[in-house]
Structures are given as C-alpha cells and as structure tokens.
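Participant: Going line by line, the protein sequences match chains X and P.
Position one of the first sequence corresponds to residue 1 (full-length UniProt numbering), numbered consecutively onward.
Position one of the second sequence corresponds to residue 1 (full-length UniProt numbering), numbered consecutively onward.
Honestly, the hints are just simulated from the structure, not real lab data.
Just so it is clear, the structure is predicted and the values come from calculations on it, not from any experiment.
Take these hints with a grain of salt, some might be off.
[To be verified] Within a straight-line C-alpha distance of at most 25 Å, the following computed BS3-like cross-link-like pairs (lysine-lysine) qualify:
1. X:K288 with X:K225
2. X:K288 with P:K37
3. X:K296 with P:K65
4. P:K82 with X:K225
5. P:K82 with X:K495
6. X:K225 with X:K495
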Amino acid sequence: MLEGILIGLQTALSVQNLAMVIGGCLIGTFIGMLPGLGPMSIIAIMIPIAISLGDPSAALILLAGVYYGAIFGGSTSSILLNAPGVAGTVASSFDGYPMAMQGKAGKALTIAAIASFAGGTVGAILLMIFAPMLSSVALLFHSAEYFGLMVVGLSAIAAFAGNGQVAKALLMTVLGLMMATVGLGSLFNMPRFTGGMMELQSGFGFVTLAMAMFALPEAIFLVLKPKNMGDSGGEIKDLRITRAEARAIAPVIGRQSVQGFFIGVLPGAGATIASFLGYAVERNIAPKHEQDEFGKGSIKGLAAPETANNAACTGSFVPLLTLGIPGSGTTAILLGALIALNVTPGPRLMIDEPQIFWAVIMSMFIGNFVLLILNLPLIPYIAKVLAIPRNYLIPFILFFTLMGAYIGQNNATELLLLVAFGVCGIALKFANFPLPPLLIGFILGGMMEDNFARSMQLYGGLSFIWERPMTLGLLIVAVLLVLLPGIRALRLRAKGV
Amino acid sequence: MALDRWIALVLLSTCLLYGYVAWFTMDANLAPFMQRKPVWPSSFPKILSILGTALSLVILLGLEKGEQVIGEIDHRRLTDYKLGQAVLMLALMVAYALCLRPLGFLGSTTAFLVAGSFILGERRWHVMIPVSLLTAGTIWYLVQEILGIFLRPLPFFLGN
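Between the sequences and the hints, there should be enough to build the whole structure, so can you do that?
Facilitator: What follows is the structure, given as structure tokens:
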C-alpha cells in the first residue's frame, strides 16, 4: 500500500494535477452554489474538457475536484438561501438556514467547511484501507436489501417530526413516493398517472420540486414578513466556533464520517441517504433538550449531514474504482468519462494502472484541503449575499428558482409546474406540514419501487421479506423507527413530564 | 376546522383518486404476459394509496395527539402581512413562465427583475434597470455560451 501511496502522491502533486484539483474545486464550488446545477450536471458539462486533457489521472482528478466543490457549493446555497441545488445538501438546510437567519451564517459556513473537510478526509483514509474489502460487502446487497435500506431511510423521517407530527411527516413521505410514480417507470416502460399529458411522461423534475418546496415558499414568506430576513443583514460577525461547540460536534463528525462512508459504498445509496440518515441518527441519539433544537439551528444538525454527504461521496468511489459499478448518477458519469479515456475500472485497475487508482485517492486529500483553505477565507464574502437588500434579493432568489427548474428540463411548462407546486408548498407550510419528507420520498421513490419490483419478481411474491434475514432485519428497524416517537411520548406521559 | 385538517381532506381526496386509478383503471390494458408476473405496474401505487388514505384519515380525524402548532406565519391573520405583494410576485412568476419563449430570455428576465423589485417597493430606476440588464446578460452568456444550453435571447419575431 505504501508503494501505491507514493505513486499516487507523485502523480497527484505534479503541477498539472495540482492545477486540476484546485481548478476543479473552484469551478465546482461556484457553479454548485447556483440552485439547479448539481454535481451531475456540472460534471457532465466538464467531461469534454476533462477528455481533451488526454491524461486519465488528470481528467479524473479534475472531475473529482468538481464533484467535491459542487457538494460544498450546494451546501452554501442551502445554508444561506434555503435553496438546495442537489438532493445531498437538502438536510444541510434544516439547521444551516435557521442558523443563517439567527445571524450565525459565518459560523454555519465554518461548521459546514470543517465538517465537509473532516468527512472527505476520513472517507479518503477509509477508502484507502477498505476499498478492496468493501467491494465484496457491497456485492452482498441485493435488491431486497436495497428495498429494506430505503424503507429504513424513509422511516427515519419520523425523526424529523416533532410532537404530534409523525402522521404528517409520514403522509408527506407517501405523497413524495406517489409523485415519484408519475411518468414512465424505468422497469415497466408504461406511462402512469400522466393523464395523457406528454409533458408528464418523464415525470416531475427533482429540481422543480426541490425549488417549489424550499426556495419558493421561503422567498414568499420573506415577502409576507419582511422582518424575517437575517438579523445580521449579511454581516459576518463571528466565523469562529467556540471550544464547547467544537467539543459538541467532534463526536458527530467522527460518527458520521464512518457511517456516511459506508452508506456511500452501497451502490444507489449515496450522499442523499447518507445525509438524511446521518441527520436522523444524530437527532435520535441526542439528549432530549438537544433534540428540540434540531431544525431550529442546531450545530449538530448541520455538522451531521455535511460530514455524512462528503464521506459518502468518497465512499461512492469504492464500487466505481474496484468493481466498475457506478454507485450513483454522478459516478455513472465519471465511469463514462473513464471509458472514453480507454480506462476500464474494475478489480484490475489497482494492479494494471495503480497510478490512476492511487492518484485519485491522494487527490481526494488534496482536494479536501484545497476546499478548506479556499472556502474558509472566502466565507465572509460568500455570506455577503445576505446583505443584498430585500427588494433585490427576493426577485433574484425567485429568478434563480425559475432558472434552476428551466435549465433542468429545458421546458417552460416546468416553470408553471414550479409555481403550482410552490403554492401547494406554501399552503402545506402554513399548516405546519413538514416539507423535507415529501422531497425525500420523491428522491427515493423510483429506486425503491425498482428494488421492490425486482425482489418480487425474483422471489415470486413478498417472500423475499422473510427469506432474506438482512431484509427482515432492516424492515424491523424501520418499524421500530416509526414506533419510536410514540413509545417515547408514552414513556414521557407515564413519567408525568 | 383547522387548516391542517382541510389539507388532510384535500390529500385524502388525492389519495382516493390516485387509488382509483391504481386499483381500477391502470391494469385494464395490461398485456397477458405482464398479468402472469407477480408484480404489476400498479402494485406499488396500490400500497401507497392505502398508506396515504390511512395517514390522511389519521390527521383528518385528529387521532394523533399533539398540541396545535402555528407555523412561522399565522395563516389566520394573513391580512396583517404583505399578502398583496406575495400574490403579485406569484403572478409575476406565472407571467415570466408564459413570456420566456415568445419574448426571449433577455427581455423577460430584465422585465421580471425590474417588476419584482418594483412590486417590493423599490423605486431607484437607475439601479434597478442596469442591475437587471447586467444580470440577464451575464446569466444568458453563462448558460448559453459556457454551459451550452439554448436560451432564445430575443423575441421570436427577431429570430434566434
């Protein structure tokens, strides 16, 4: 391994590759901040440039840098504008945005930068150690287990719900799952719930729904209640985190680096599930008085998804580099780029082309370090976005919301859908229905149905539930997660609290 | 009846309609070979319709105990807030969606940003117009020239 590390360092530290990693991180951060342009779109756009380099190591290093930068940039727009451009950073807005609204935008961005750095770095160390081993573990997961894992992810949504809100959260999840069934399913290739409309054949756009449920209601609430704007007006008073805060988030970062990485290794899971599960786990294990702070600006609630999504991004490279199986849409695009460069990822990559394998891993360390040193000094300038007067900021947020939906689908009908969903989102927000579960259900819906259908076909019915112990175990965990808030409420009532 | 129960009623109707399509119409044209499979395109939606209906009923009938929480904005006192501005901003978004193709990106975007600021009370035209023009031009250049996504810059009667 030491030899491999040295080869990797030698390749990654060449002037050209250093320029690639720095350039990639910068491009990714700035474009990733624009709602609607997630890592997948940015990487897809960068592929022609990467291929034109001709060097597979340099190309993969550039694209990996863009990937990390985009995830960090997405967190920035989640925290400052409550406009997550990618699914993986939705959970960061739950506590990041309330922190920004409380005048702690600088602190929130610092925590995000440190948590991302730690998650990415620990993930890279784990990748180096476990890559060969973990690829065989990932192979043990079949569609039945993926289905079980997704049910666990959705049941963990009960964690987002406050007292008396569990049914609302679960209903929102089911609504999201229902919305995911609209259009041509990948498995059945048959239009469902389209009402004969051609525009609905490809289903609802993720970005449209994300914008409608988060950015649009938030902007309209800012119109309704002008004093709702951050107290700081974009003035970053304090970037520092106190020793007590550092002590509080350190164990969260430690736990989520490891958990996020292992979730990222599973094909199909990725940064989104990792960040939501990370948030749910940390909320559930936090003491009661800290649980109430989640969703209102908890530093743990921000550090958990930020660490987990970065660690998961690193983890998603395991099946790509060792098996040649892309674990997510983003790594699928990376796989396409590698094939275009005549590199075949798989078990022999480490043996045949060790310089590529190890250079990518080493570039992850460099990339995370570059992101930290670039982003920490830039935080006061990035957060100035909050200082823009309301009369200009709100039309700009609404414009970027519209652009995000338009760019995603290149279809003006999508803009009307955005407004329609946005009005629904506003009504749901008025009635205190939690909106994140709807989006989570929508994101996981397609994958969940595919895995459910595959399992049913393989086992000829529902017998996969009891015939596969791991699936059964996961489903039991899911049931417990749904029942947990009720049990907790009963115990509190018994104690007379 | 509280707003959340009204919304639960709407969602219950949605779930029933969704369920009706899944249970009674979706499988009508299913090919015979598909009918022999253990899973149909309607299988997953059928489960969802049952779950959705049950959860809507739980909220509608108030079966889950918990105190009523008023959200960030009290919807019962909407007139205390800037409701007119909010409605106008939503209408402006609809107008933008309808005008984007026929009027072109540059004109529609500039008009949207200027009108948006105006609705919110801004009257410094010497700032609003240049900022809006600059933004529209920059975004168009970035999206069309750098990212390669086609956006018709000018109105349809002026060509592409």
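Participant: Hint by hint, say whether it matches the structure.
Facilitator: Now the hints, each set against the structure:
1. X:K288 with X:K225: The hint is violated at about 31 Å.
2. X:K288 with P:K37: Cα-Cα ~48 Å, so violated.
3. X:K296 with P:K65: 22 Å, holds
4. P:K82 with X:K225: Holds: P:K82 and X:K225 sit about 7 Å apart, inside 25 Å.
5. P:K82 with X:K495: Answer violated: P:K82 to X:K495 is near 45 Å, above 25 Å.
6. X:K225 with X:K495: Answer violated: X:K225 to X:K495 is near 40 Å, above 25 Å.
Consistency note: the structure conflicts with the earlier hints numbered 1, 2, 5 and 6.
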